[in-house]
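Chemist: Starting from the structure of chain A, add chain B where the hints point.
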Amino acid sequence: MEAVKRIYADHAATTKLCEAAFKAMLPFLRDEFGNPSSLHSWAKEPRSAINVAREKIAQCINAEPEEILFTSGGTEANNWAIKSTGGTLYVSSYEHHSVLNSANSEAVRGRELVIIKPKMGGYIMPRNLSVLKSGTGLVSIMSANNEIGTTNPVRLLSETAHDKGYLFHTDAVQMLGHLKVDVKDWGVDYLSASAHKFNGPKGIGFLYCRKGAPLQSFLDGGSQESGLRAGTENVAAIVGMAAALEFNCSQIARQSFRLERLAASLCDGISRIKKDAHFPGRDIMPQLPGFVSVSFPGCSAESLLHLLDLKGVAVSAGAACNSRKVKTSHVLKAIHLPRKLAESTIRISLGYENTDDDVSAIIDALKFALKHNAT
Amino acid sequence: MAKKQSYGACPGCGKDNLSRDEVGINIKLLGENIEKPMCIPCLAEYLEISQDDLFDKISEFKAQGCKLFG
Numbered sequence: 001m002e003a004v005k006r007i008y009a010d011h012a013a014t015t016k017l018c019e020a021a022f023k024a025m026l027p028f029l030r031d032e033f034g035n036p037s038s039l040h041s042w043a044k045e046p047r048s049a050i051n052v053a054r055e056k057i058a059q060c061i062n063a064e065p066e067e068i069l070f071t072s073g074g075t076e077a078n079n080w081a082i083k084s085t086g087g088t089l090y091v092s093s094y095e096h097h098s099v100l101n102s103a104n105s106e107a108v109r110g111r112e113l114v115i116i117k118p119k120m121g122g123y124i125m126p127r128n129l130s131v132l133k134s135g136t137g138l139v140s141i142m143s144a145n146n147e148i149g150t151t152n153p154v155r156l157l158s159e160t161a162h163d164k165g166y167l168f169h170t171d172a173v174q175m176l177g178h179l180k181v182d183v184k185d186w187g188v189d190y191l192s193a194s195a196h197k198f199n200g201p202k203g204i205g206f207l208y209c210r211k212g213a214p215l216q217s218f219l220d221g222g223s224q225e226s227g228l229r230a231g232t233e234n235v236a237a238i239v240g241m242a243a244a245l246e247f248n249c250s251q252i253a254r255q256s257f258r259l260e261r262l263a264a265s266l267c268d269g270i271s272r273i274k275k276d277a278h279f280p281g282r283d284i285m286p287q288l289p290g291f292v293s294v295s296f297p298g299c300s301a302e303s304l305l306h307l308l309d310l311k312g313v314a315v316s317a318g319a320a321c322n323s324r325k326v327k328t329s330h331v332l333k334a335i336h337l338p339r340k341l342a343e344s345t346i347r348i349s350l351g352y353e354n355t356d357d358d359v360s361a362i363i364d365a366l367k368f369a370l371k372h373n374a375t
Numbered sequence: 001m002a003k004k005q006s007y008g009a010c011p012g013c014g015k016d017n018l019s020r021d022e023v024g025i026n027i028k029l030l031g032e033n034i035e036k037p038m039c040i041p042c043l044a045e046y047l048e049i050s051q052d053d054l055f056d057k058i059s060e061f062k063a064q065g066c067k068l069f070g
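Heads up: the sequence lines are chains A and B, in that order.
Just so you know, the numbering used here puts 289 at position 289 of the first sequence, and the rest follows in order with no gaps.
Just so you know, the numbering used here puts 6 at position 6 of the second sequence, and the rest follows in order with no gaps.
So that you can see chain B by itself, here it is in the shape it has in the complex:
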């Protein structure tokens, strides 16, 4: 069984235990080699987009059956 990768805390605000959706959206948008995924508010600020945009994207990926999301 593959070992669950640990990404640590959000580099923006220090939030711990990022959810599967948060890690997934970081991978989808920033690339699979992302080392320090951000929480939703910090990622939205970093990309200069709204949090709703990110939630919409997460819903789209889930609807497509992407296994990165919970």
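Isolated chain A (complex conformation):
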């Protein structure tokens, strides 16, 4: 039997480490092993590398270096921002679980929590924030959704939140490195990021915290990260994250155009083989480049995923089951997608290495999967 060419089309889940990040990390994985906090000369190179990385990251999002705090990833950054504030908490119902569950745990401790519903297309517009009562607290709305790829007008949302007296946090994990992010233009108080979503290493991310915005100590111990997040730094990962972000930001214009062209070609191909295919979120607002969320009425998303996998194509599904009970994604529920459609929705997210040939192969694999799906 012919060997199957493997095509990775699940870049919204994670991405491959880019060459720039890989090369930047190598010295710190072995030879430059000194502890950045030590007083002897072995600390010099790692400490300097951390400072340079912080500066690079700050430059990429138009922040000040001291406003960048390294974390273990997006989940920690989201927890940190949410748990550093007091007052009422407003979060949208289609946030990542690290936001929703942090918010819920705050509510259990007695904090008022209000859930904001996105519009049917999968967006949050400033008028969705009309529920905000004048007061104090935090509004947390993601920059781009990780399941349907829709983007939100962050600057307008941040302005609206500030007008009512609230701090504003955005989970930019899915957007950073793929579309331009400018924290000063957006006027956000907090922003969360995760390196492995922009071709950096796993297990590292950062929280942007505007100078003057409240931030509580997250891990007690040594003086790392201004004494707010103790623990010896993961130097290689920090350096890799900065290199990946710098590289991705330099490629945004070229790659976003190329990936959007590939996504459009993929949507055309899908519409040709399945006339009633539905593309949630692909209408009013811009989407993340290369992002295609598609429902195949009458099909099982999970079966499609596995059949595609057998043909070498990796995608993800909006619904999965462990027995006969299908668990539908909270995002697809939140955007009011009918349950049957949600159960037939897969996410195809293209990345830097995908080509026109990959798109043709994905369409061929989908043709095969749709032919064999009996639901």
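Don't read these hints as lab results, they were simulated from the structure.
Be a bit skeptical, because a hint or two may be false.
What follows is a list of derived Cβ distance ranges for each label pair [unchecked claim]: (1) Glu19(A) - Pro11(B): 21 to 31 Å; (2) Ser50(B) - Arg339(A): 27 to 37 Å; (3) Ser271(A) - Pro11(B): 31 to 41 Å; (4) Arg20(B) - Ala253(A): 48 to 58 Å; (5) Pro41(B) - Leu29(A): 44 to 54 Å; (6) Gly70(B) - His97(A): 23 to 33 Å; (7) Tyr46(B) - Ile273(A): 32 to 42 Å; (8) Gly70(B) - Ala13(A): 23 to 33 Å; (9) Lys67(B) - Ser223(A): 29 to 39 Å.
Note that the structure is a prediction, hence the values are computed from the model and not measured.
Every residue gets a Cβ at the ideal spot worked out from N, C-alpha and C, and that includes glycine.
Modeler: Structure of chain B alone, referenced to chain A:
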């Protein structure tokens, strides 16, 4: 207690008493409304893949804790 659903013989070769793994892999790949699940060799032929691919998938589902498998 739920009544155990009977699927009959493999429509490809007539093999009777399909195992729980065989029925499970049919459901996972072809959808939960599958009426006549196939045995492993017939399913592999139908999907134009190797039997090993199917056994690999069955192992993955078991490792994930999927209750459809034995």
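Chemist: Take a look at whether the Cβ-Cβ distance between Ser271(A) and Pro11(B) falls inside 31 to 41 Å.
Modeler: holds, 33 Å
Chemist: Taking the CB of Ser50(B) and the CB of Arg339(A), does the distance hold inside 27 to 37 Å?
Modeler: holds, 35 Å
Chemist: Can you tell me whether the CB distance of Tyr46(B) to Ile273(A) sits inside 32 to 42 Å?
Modeler: violated, 20 Å
Chemist: So does Pro41(B) sit 44 to 54 Å from Leu29(A), Cβ to Cβ?
Modeler: holds, 47 Å
Chemist: Could you tell me whether the CB distance from Lys67(B) to Ser223(A) stays inside 29 to 39 Å?
Modeler: violated, 50 Å
Chemist: Quick one: are Gly70(B) and Ala13(A) within 23 to 33 Å, going by C-beta?
Modeler: holds, 29 Å
Chemist: Are Gly70(B) and His97(A) spaced within 23 to 33 Å by their CB atoms?
Modeler: Hint holds: Cβ distance 31 Å, inside 23 to 33 Å.
Chemist: 21 to 31 Å was suggested as the range; check whether the CB atoms of Glu19(A) and Pro11(B) agree with it.
Modeler: At 51 Å between Cβs, range violated.
Chemist: Return holds or violated for the Cβ distance of Arg20(B) and Ala253(A) against the range 48 to 58 Å.
Modeler: holds, 53 Å
Checked against the numbered hints given earlier, the structure breaks hints 1, 7 and 9 and satisfies all the rest.
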